[in-house]
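Student: Here's the letter readout for the chains.
There are 2 protein chains.
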Amino acid sequence: MIQRELHDRMANAVRGLAIDGVEAAKSGHPGMPLGMADVATVLFTRFLKYDASHPKWSDRDRFVLSAGHGSMLLYSLLYLLGVPGMSLEDLKHFRQLGYKTPGHPENFHTAGVETTTGPLGQGLATSVGMAMAERMLQAEFGRKIVDHHTYVLASDGDLMEGVSQEAIALAGHYKLSKMIVLWDDNGISIDGPLTLSDSVDQVKRFQACGWRAERVDGLDPEAIAAAIERAQKSSKPTLIACKTIIGYGAPKKQGTSKAHGEPLGPEEAAAAKAKLGIAGGPFEVPAEVLKAWRDIGTRGVAEREAWEGRFAGLSDRKQAEFTRRVSGQRPPKLAKAIAAHKKALAAAPVTVATRKASELTLDAIVEVMPELVLGSADLTPSNNTKAKGLVEITPKTFKGRYIHWGIREFGMAAAMNGIYLHGGYVPAGGTFLVFTDYARPAMRLAALMGTAPVYVMTHDSIGLGEDGPTHQPVEHLAALRAMPNMHVFRPCDAIETAECWQLALERTNGPTVLALTRQNLPQLRDDSPTNLSAQGAYELAPAVGGEARVTLFASGSEVEVAWNARKMLNERGVPTRLVSVPSLDVFLGQPDEVRARVIGNAPVKVAVEAAVRFGWDAVIGPDGGFVGMASFGASGPIKELYRHFGITPEAVVETAIKRHNG
Amino acid sequence: MIQRELHDRMANAVRGLAIDGVEAAKSGHPGMPLGMADVATVLFTRFLKYDASHPKWSDRDRFVLSAGHGSMLLYSLLYLLGVPGMSLEDLKHFRQLGYKTPGHPENFHTAGVETTTGPLGQGLATSVGMAMAERMLQAEFGRKIVDHHTYVLASDGDLMEGVSQEAIALAGHYKLSKMIVLWDDNGISIDGPLTLSDSVDQVKRFQACGWRAERVDGLDPEAIAAAIERAQKSSKPTLIACKTIIGYGAPKKQGTSKAHGEPLGPEEAAAAKAKLGIAGGPFEVPAEVLKAWRDIGTRGVAEREAWEGRFAGLSDRKQAEFTRRVSGQRPPKLAKAIAAHKKALAAAPVTVATRKASELTLDAIVEVMPELVLGSADLTPSNNTKAKGLVEITPKTFKGRYIHWGIREFGMAAAMNGIYLHGGYVPAGGTFLVFTDYARPAMRLAALMGTAPVYVMTHDSIGLGEDGPTHQPVEHLAALRAMPNMHVFRPCDAIETAECWQLALERTNGPTVLALTRQNLPQLRDDSPTNLSAQGAYELAPAVGGEARVTLFASGSEVEVAWNARKMLNERGVPTRLVSVPSLDVFLGQPDEVRARVIGNAPVKVAVEAAVRFGWDAVIGPDGGFVGMASFGASGPIKELYRHFGITPEAVVETAIKRHNG
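As they're listed, the protein sequences go chains A and B.
Each residue of the first sequence is one higher than the one before, starting from 146 at the first, in the numbering used here.
Each residue of the second sequence is one higher than the one before, starting from 146 at the first, in the numbering used here.
What the hints contain is simulated information worked out from the structure, not anything from laboratory work.
Since the list gives no way to pick out one identical chain from another, each pair is judged satisfied if it fits inside one copy or across any two copies.
Mimicking EDC-like on lysine to aspartate or glutamate, the simulated pairs with C-alpha atoms at most 20 Å apart in a straight line are: (1) K171 to E785; (2) K237 to E785; (3) K381 to D346; (4) K501 to E407; (5) K712 to E692.
Bound conformation, chain A alone (with noise of 0.2 Å):
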C-alpha cells in the first residue's frame, strides 16, 4: 500500500473499532475519536517513541488523552499496538465492569494509560507536570537516560476549564518544549456550536503565553506530520490546532453536536462506516491493517534496547538509584532521619509553629530524599516549604528541587501528579488550607489513581487571625476528609509533625494533606520508639484520680486546648485522659478493635477542633461534645477569636462538666 492508503485503513481501523465500541456499550462519545483518529494515526505511526511491550519503559514518549471522554480512541489504540492486557474482548465490553475499558480512561486500572482523565483541563495540566519531570530528571540522570516528548490531545473543553490557563501559562513560562498538545478543534461542544459561549483566539492566546502555536487541517495526515516536526524543532512547547470534524464519517451527524456524547445509532454507525471505506463486521480489523498497527507497537523495540544498553553503562549505584527512583521506593534512610530528629525535638523541645514544624522536619530529611521536590503556589515565605539548600528550577536550568508555582493552585495540583506519574519524584506543594478549594479537583484526581503527593496545607484555621473568614478554613478538614483515600493529617506538635511527614512520604498509594498552623503551638509530645500517629489517634495524656470520666479528643492547635482543659477537669476531681487525633480519617479506618480501645469507655467524649462538627459524630456521637465551629470565621487577632468563638480549655471543660453532670 502507498502510505497515504495505509494511513487511511488504519485512522479508519481507529474509527471502525471507537464506533462499535461506543454502539456495543450503548453509550459513550464517538465523536472525538473519528475526528481525531488522523492526528492520532500521524502521532503513533510517525513520531511516537513507544515500545507496546513496555508500556512502563521511563523513557517512552508520554501520550495523555486530556479529552478523556474520547477514550475508545486510547484503548483502539492501544488494542491495534498489541500494549498486553488490551484485548478485543474489552473493545467489545466497552463501558462495562470489569473490562479495562472504562468510560474514562483509569491509569490504575488499564496499561498503556499514562494518567486519568475525563474531568476537563486537567489532563493538559498533569502533562505539564510530566513534561516538567522530564527536564528534571535528565538534569539529574543526563540526556542519554531521559530524553522524551509529552504529547496531549485535548479539546475544546480542556482549553476552556481556567485551569489550562496555569498549565499553559507553567509550561510556556518554564519552555517546556517537548510538549506538544494536539487541540482537536472542531467548533462543537454539548450545547452545540462552540460559538455559543466562547470567541477566543486559542492560537494567540497559547501565544501570549509563551507558545508556539499554528493552525493545521487535521484531517490531513501529510499537513499533521510537517506541523509535529516544526514542534519538535521549537524551543517553545506547541500548540497544534487541528482543525477537525467532530464525528467525521457519520453522514447525518458529523459536524454537530449529536456525534459528541451518544452512540451514532445503528443506521448512522453503518452508513459512517460504508462513507468511510471500513469493510467487515463490528470490531474487525482486516489483518494486513491489524499487522501494520502491530509493527508500529514494536517500532520501539529497539529504541528501548539501545536505551537499555545506555543505562547498563551507568554505575550500578546509579543504577540503582534510577531504578529504585522511577519504581517509586522511598529512601531507606527516611525513617532513620525522622526518628533521628524526633530525638533531637524529645531532648531539646521547641515551640514554634507546625509549618515551622514542618520546615523543620523537611530541613532533616531532604538530603536523604533527593526525590522529595518542593515548591509553593506563590506562598513560600508561609509554606515554610523551602528547606535549607534547596534550589530552585529555572526556565534555563532544572537542576534543581524548588518549584515556584505561581498563584495557581490547581495548576499547581495538577502538575504535582503529572510529576509523580512520570515517576522519579515525590512532589510537595503548598498553599493555605483554604485554597484546597481551588486545588480539589487535581487532589481527587490524586486520590483516585493513587499518587502520593503531599500538599503542605498551612494556616489551617481561625489561627491565621486578621485575614478573616475568606481565608480561614472552617469546612476544610471535613471536605477532605470525606474524600476516599485522601489521608488528613494535622500535627498538634513539631514531633507529631515529623511523624505525619514520615507517613505522609512513605504512603505509596494515595495522597496527603498536612494541615499546619500559622500560630506557635507548645511541644506536647514525648518521643516514642513507634509512629504513634500512623493510627491516626492515640491516647496522650491518661485521666488522674481514676477510672477516666471523660475523653477529650482534639487535633492540631486545639490538643493544646484540650491539655489544658483536661489538667482542669482532673484537678477538679473528674478524670479526664485525652486523645490526640491527627488524622481523623486514618482513624476512622482503623480496625473496630483500634477504634474501641483509642476511644475508651468513659461516659463522656469531648471532640475539639477550629473547624465544623462535621464528622466528628464517628467518634463522640450524636450526644457527644464538639467544642469549634458552627460558622465561619472572622478578621481579628488570634487570642480574640477563639475567644470569640469560644474555644478555650474554659469552654470544653464546661462541655464535658455539663454532660459529666447531666
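Given the coordinates of chain A, work out where chain B should sit on it, guided by the hints.
Tutor: Relative to the frame of chain A, chain B by itself:
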C-alpha cells in the same frame, strides 16, 4: 490647588491612611494601596458614578477590589468619600474584631463593599456576572433605568488564577464593553519578582480573548484618565495594564515583595510618608483634602436624583416590579405555582429522573418568576436546565433568561454570585455534581456572603453509570454539607424536587445545591399542604405491625432502595419506618426536639445513600448501620454498579436484621 497637586494630595491621603491602618493592625498589605492610589483616585474622582450617601443605589457604577488583600485602599476610599458607617475609628482598628475593616473586604459586613474578595481571581470573575446583569436588566427595564459601568481593580494573582481565563473569555464573548479592568501591573508577587513564575503577555492574552487592552503608566493620572476614557468608548471590555510600583513611596521596600504583605515598620512608614509629602500624625487627613474627597462623595447626588426622576416616570407596576427585583423579594405567585405543580403531580404521578423532575418544576414556575435566570456549563441537555420558553442571551441581545456558560464551572459560579449581587436576578446554573469541585471556591463565597444562587447538580451518584469514577460523586454531598450556610438538597422524587426548588428559590440568605439523578425514580410522595422538605427530613412511611424496631434514613435515589427494604422488613415482622432526608444539613440544623422526633426511638438505625458515610453518624450514631459507598465508583451500567457496591434492598435488610438480632 491646580489639578495635579490636588490629585496628588488626594491620592496621598489614601496612601497615608493605608500605611497607618496596616501599621496599627501590625499586619496587612500596604503594597497595593501605595501602588494603585493614583489609579483609584483618578477613577473615583473623575469617572465613578457614585453617591456615597446611597451606596446601594441600583444604578451606581460597581467598583470591585478583586485584589482584596489591598483592602485598606477600599476602606480609605469609603471613609474619604463619606460612605455611612465607615469611620476613622474603623480605619484605626483595621483587621480587629467588631469593626468595619476586616482583613479582606466583606460585602455582608461593610456598606460600600460590592463583593467579598480575597480568594484571588474571584473578584474579577464575580464582576463579569455584575456586568452581565447590568446588560440583562437594561434589556428589561431600559437604558434610562440601568446604565452603569463595572470597574475592577485586579492584581497579578487575579490574572494568574485559572478562573480569570474563564471570566475574561466570558466577558470577551459577551462583549461586556462596560467592564473595565485596571490591572496593578507591579511585577511582584509574594515569592519575589513575577519573573520567578510567570512570562505571560497579559495584554496579548486579553486581546486573544476579545478584549481591548493597553498599557499605561499607573502613576500618571492623565494617562490613566485618558485610558479610561478610551475604554468607555470601546465596544469590547477593556484591560488597562497599569504599570505601578508596589509599595510606592517606601524608600527601602518599594518594588520588592517586602512591600506586599506586612507592615512597612515605623521607620520605613515614616520615611515613606516623608518622601510622599504626607504631613501630620497617623490617620490625619488635611481638612481641605478631606473636603475635596467628600465633595467627590456627593458628586453623584445629582445623577442619582436625575435617575430617581426617570424612575418616577415608569408605570407604577414597573416601578414596583423593579423595586421588588433589585431588593431581592421573591415573587408572590411562586408558592402557589409550586403548590399547583405538586397537586398535579399527585394526581398524575410520574416516574422520571429528578433532573427531569427539576425541569418539570422549572416549566411550572419560570413564568411567575421572571428574575430566575438559568444556564449550564455546557451540559444543557444533561442538566435539563433549559425550561420551556427560555430564550438565551447572546452577545447581541441580553433580552433572555438562559446563559450558555461554556465549560467553565468555576467561572459560572463566580459570575452567578455577581449576577445575584448586582440585583435583579436569581441565577441557577447546572453541571454534574462531581464538578462542584471545580466551582467550589465560588460556592464557598456564596455561602459566606449569603448570596442565594441555585446549583443544579445532576448525575449525583454512581447512578450515572458508565462514565465511571471520574464523574461519579461519592464524597461531594458530605463535602458540601460541611460548608456553613450551604443547603444541600437531594430529593427522592418529583414532588420532593418541587419542594426543594421552592426552598432554594425562597431562600434569600444563602445558596442551595440541588443534587439530582440521571436515572428514573418512582414517585413515592403524596401531596402535602406544607413543604415537608423544609425541615430536611420527615417520616415518609410508618412502621407496620407495632412500634418501630428499625428506622431507615435515605436521600434521593436511595429512598426507593430503602422503601423496598422497609417493605421487606415489615413483611418479615420487623416493624420498620422510613425517613426521607432530602437535606441532611438542614435537618442537622433543626432544634433538638425536631431532630429527636424525626429520628425516633427505634433501636436500629440504618442510613442508605450512594455516597460516603461521613456525616451520617450525627443521625444514626457510630453504631448505626450504613449502606452506601466506601470508595470511589466504577464504570458500568447502573444496575450492576448498585449490585457491585452492595446498595440494594437486600443489603439494607441484612444490615438492619444483623443489628436487630445482634
